[in-house]
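*Asks:* For reference, the chains in residue letters:
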Amino acid sequence: MATNFKKRKLGRPVSVVGAGLSQFGAFPGKDSRDLFVEAFQDMVESIDRGFDIHDIECAYVGNYSSDLFEHQGHTAPIVADWLGITPIPITRIENACASSGSALREGVMAIASGMYDVVLVGGMEKMTNLPTDGVTDVLASAADGLYEVPAGLTFPGIFGAIAKAHMDRYETNLDHLLKVAIKNHANGALNPKAQFQQTMTTMMERRITRAQERGQEVPDYKTEIDFLNDERANPWIAWPLRLYDCAPITDGASCVLLVSDEIAHNFTDTPISIAGIGQATGKPLHDSEELTSLSAAKAASQQAYDMAGITIADVDLAEVHDCFTIAEIVATEDLGFFGPGEGPRAVDEGRTALDGDHPINTSGGLKAKGHPVGASGVGQVIEIYHQLRGEAGERQVKKDNPTVGITHNVGGTGGTCVVNVLRRES
Amino acid sequence: MASEFTSTTFYTKLKEEKKLIGVKCQDCGHLSPEPRPMCPECHRFNMEWHQFSGKAKLSTFTCISIVPVAMSAKGYGRNKPYCTGIVTLEEGPRISAMINGVDGTNPQGIETGMALVLDSDNLDEEAPSLAFKPA
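So the sequence lines, in the order shown, correspond to chains A and B. First residue of the first sequence: 1, per this note's numbering; consecutive thereafter. First residue of the second sequence: 1, per this note's numbering; consecutive thereafter.
Think of the hints as simulated: they come from the structure by calculation, not from any bench. Since this is a predicted model, take the numbers as computed values, not measurements. One or more hints might be untrue.
[Said to hold, decoys possible] Partial list, derived from the structure: chain A residues whose beta carbon lies under 8 angstroms from chain B:
id	residue
1	V135
2	G152
3	L153
4	A238
5	D357
6	H358
[Unchecked claim] With a straight-line cut-off of 27 angstroms between C-alpha atoms, the simulated BS3-like cross-links for lysine-lysine are:
id	chain 1	residue 1	chain 2	residue 2
7	B	K55	A	K283
8	B	K13	A	K283
9	A	K283	B	K24
[Unchecked claim] Not everything, but these chain A residues come out facing chain B in the computed CB check (under 7 angstroms):
id	residue
10	D133
11	T136
12	D137
13	V138
14	A140
15	E148
16	T154
17	A161
18	D168
19	Y170
For each residue, glycine too, the CB sits at the ideal point set by N, CA and C.
Just chain A, with the same shape it has in the complex (with noise of 0.2 angstroms):
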C-alpha cells in the first residue's frame, strides 16, 4: 500500500495546447467516428498559432464500450484512418466511465518518457443507438458481473445506495440532490455543446406550458423544487435517485493536443500545464472502507496535488464526475473541497455555483453538458482549459485569474479514478 504514496514525477512537464468537443447531444446517423472527427475539427481550430496535423506522433483514444452500443471493437484504426493519420500508433483505452481521462494520462507519459513530443487523447461514446434498458445493461456491465450485477444492482442502484448511505450517516436529503441537478443545469444553459442548454426553470416552465396547450391539469409549482418533487415529472430510477439525478444517455467526442512543454510556444502563448496527473483504483462498494466515499478519488487527488506541490486551497475551480448528483457531493468531499459530510450544506450555500468560492461543474457537467462516457474525461479537461485561458464566456468563473483547475473522472463505480490538475504557468 505505502507504494501508492510515494512521490512522482513526470520525466519532463507536457501541455494542452489545444481542445475541441463535438456537439453533446443525440446525433442518429452519427457513428463514434464521425463523432470523434467533429471533436477533432473543433480542436484545429482552437489552435492559436495553428499545427501540422503531421506533427502528430501518437494517439490514445478512449473509449468505453463501442463494442455493444456499435458493434464494433478495435475502433482505434478507424479513428486514425477517418483523421488521416496511419500509420502512426493509436491505442483504445477502456476504464469504464474514465477511459479518456485513462487515455490521457497515457498520452502525458508517452511525452513524458521523452519519446513522443506531440500526442492526441481524446474520447468518444455513441450511446444512443439502444433502448433505456440496453444502455442500463451495457453501464452495469462496468459493475462486477459476478456479485453486483446478479444482485439487480444497476448504476443509478450502487450509487443510489451510496446515497442512501450518505442520508443515514450525515444529514442530507433528497433537496440537496435536486439543487445540484439544478446548479448544473444553469451552468449548461450558458454551454453551447451542452445536451441539455435549459435552465430548471426553463424545463419547469416548459411542463406547464405544454399542459396548458394540452387541456391538462396545470401544475402548481411554486419553485424548481416543487417540480422535481413532482413525481410524474421526475419519476424514480433507483430510489433515492430520480431523473433528474441522472446524467443522460449522450453521444459525444471529445480531444486535446498534448506537448512537451519545450514547443508548447509554437502553438500558443497560453498553454495549459498538466502539473499533476493521479490515477487510483478501488474494489466494488460492498468490499469499500466506506459507502460513502470513493477510496480512489482520495487516492488519486492524493498523488496529482502531491505531483503538482498544491494543496486543495490553491485549486480555484473543478470538473468533478457528476453521473449522478450525490456523485458531485462526494466528489467535492472526497477531492477535499469539504469535509466529510459537507457536501451538502456548500451545496445549500452555493459555493459551488459560478460565483462560489469552489466553482464545481461550471460546464454543466455530466448532469447537464452530458455524459458521452468514454469522451468525458477529456471533456472535463477542455472546460478546465477554457477556464483557466479565461475564454469560457458567459460561463467564465467569476473569481480573478483562476490558475489552478482539476479534474475528477470516475471510472464504474469506484473502481478507477483519475485525477489531474491543470496549471496556467505564465
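With chain A fixed as given, assemble chain B onto it according to the hints.
*Replies:* Frame of chain A, contents of chain B only:
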C-alpha cells in the same frame, strides 16, 4: 493448477446446499463471501471453503424502478420496483444482495440496520441471485 474457488461453484452451492459458502484464508484468516483462489490480504494461495451463518444486517439499499433487461423479464419495472443493496454479514464482510420480502414501492418503510437472513427459496435455476429477507 485449476482452482475450485469460482463463482460457478458459489452459485451451485447456493442453489444445491441453500447456504452462503465463501472462502477463508488458511494462512491469515481473511474471509471472503466471494470464492477466490488467492487471498487479497496476505497474497497466498491457501483458501478453504467457509460456510457463513446467513445472518446479516442491511447496510444500505436502493429500490430500482428502471430495471435491466433480466429483471424486466421477471416482471419488475416502474410499477414494481425491487429492493437491492449491501448487507454486512454476521462474520464481518459485506456483500451485494437482493433484499426480498420488503416493499420496493415504499423505501421509506425499509430500515437500514434491520436484521436479515439468507433467502434461498425460489432461486432462479438459470441465473440465481444472492438474496436476503427480513429475519
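*Asks:* With reference to the structure, classify each hint as holding or not holding.
*Replies:* Verification of the supplied hints:
1. For V135 of chain A, the suggested interface contact is broken, since its CB lies about 10 angstroms from the closest CB of chain B, more than 8 angstroms.
2. About 4 angstroms separates the beta-carbon of G152 of chain A from the nearest beta-carbon of chain B, less than 8 angstroms, and the hint is met.
3. At a threshold of 8 angstroms, the smallest CB-CB gap from L153 of chain A to chain B is about 6 angstroms, leaving the interface hint in force.
4. For A238 of chain A, the suggested interface contact is upheld, since its CB lies about 5 angstroms from the closest CB of chain B, less than 8 angstroms.
5. Interface hint at D357 of chain A: violated, since its Cβ lies 31 angstroms from the closest Cβ of chain B, which is beyond the 8 angstroms cut-off.
6. The closest approach between the C-beta of H358 of chain A and any C-beta of chain B is roughly 27 angstroms, which is over the 8 angstroms cut-off, so the hint fails.
7. In summary, the hint linking K55 of chain B to K283 of chain A is supported, as the alpha carbons are separated by about 23 angstroms, within the 27 angstroms threshold.
8. Of the supplied pair hints, the one linking K13 of chain B and K283 of chain A holds, its CA atoms being roughly 24 angstroms apart against a limit of 27 angstroms.
9. About 19 angstroms separates the Cα atoms of K283 of chain A and K24 of chain B, which keeps this hinted pair within 27 angstroms; it holds.
10. The interface hint given for D133 of chain A holds, since its Cβ lies 5 angstroms from the closest Cβ of chain B, which is under the 7 angstroms cut-off.
11. Because the closest C-beta pair between T136 of chain A and chain B is about 5 angstroms apart, less than 7 angstroms, the hint holds.
12. Checking D137 of chain A against chain B by beta carbon gives a least distance of about 5 angstroms; that is within 7 angstroms, so the hint holds.
13. Interface hint status for V138 of chain A: violated, as the beta-carbon distance to the closest one in chain B is roughly 10 angstroms, over 7 angstroms.
14. Against a cut-off of 7 angstroms between C-beta atoms, the interface hint on A140 of chain A holds, since the closest Cβ of chain B lies about 6 angstroms away.
15. At a threshold of 7 angstroms, the smallest CB-CB gap from E148 of chain A to chain B is about 5 angstroms, leaving the interface hint in force.
16. Hint status for T154 of chain A: holds, given a least beta-carbon distance of 6 angstroms to chain B, under 7 angstroms.
17. A hinted interface residue such as A161 of chain A counts as satisfied when its beta carbon comes closer than 7 angstroms to some beta carbon of chain B; here the least separation is about 5 angstroms, so the hint holds.
18. Satisfaction of the interface hint for D168 of chain A is found here, the shortest Cβ-Cβ separation to chain B being roughly 5 angstroms, below the 7 angstroms cut-off.
19. Hint on Y170 of chain A is violated. Least Cβ distance to chain B is approximately 13 angstroms, over the 7 angstroms limit.
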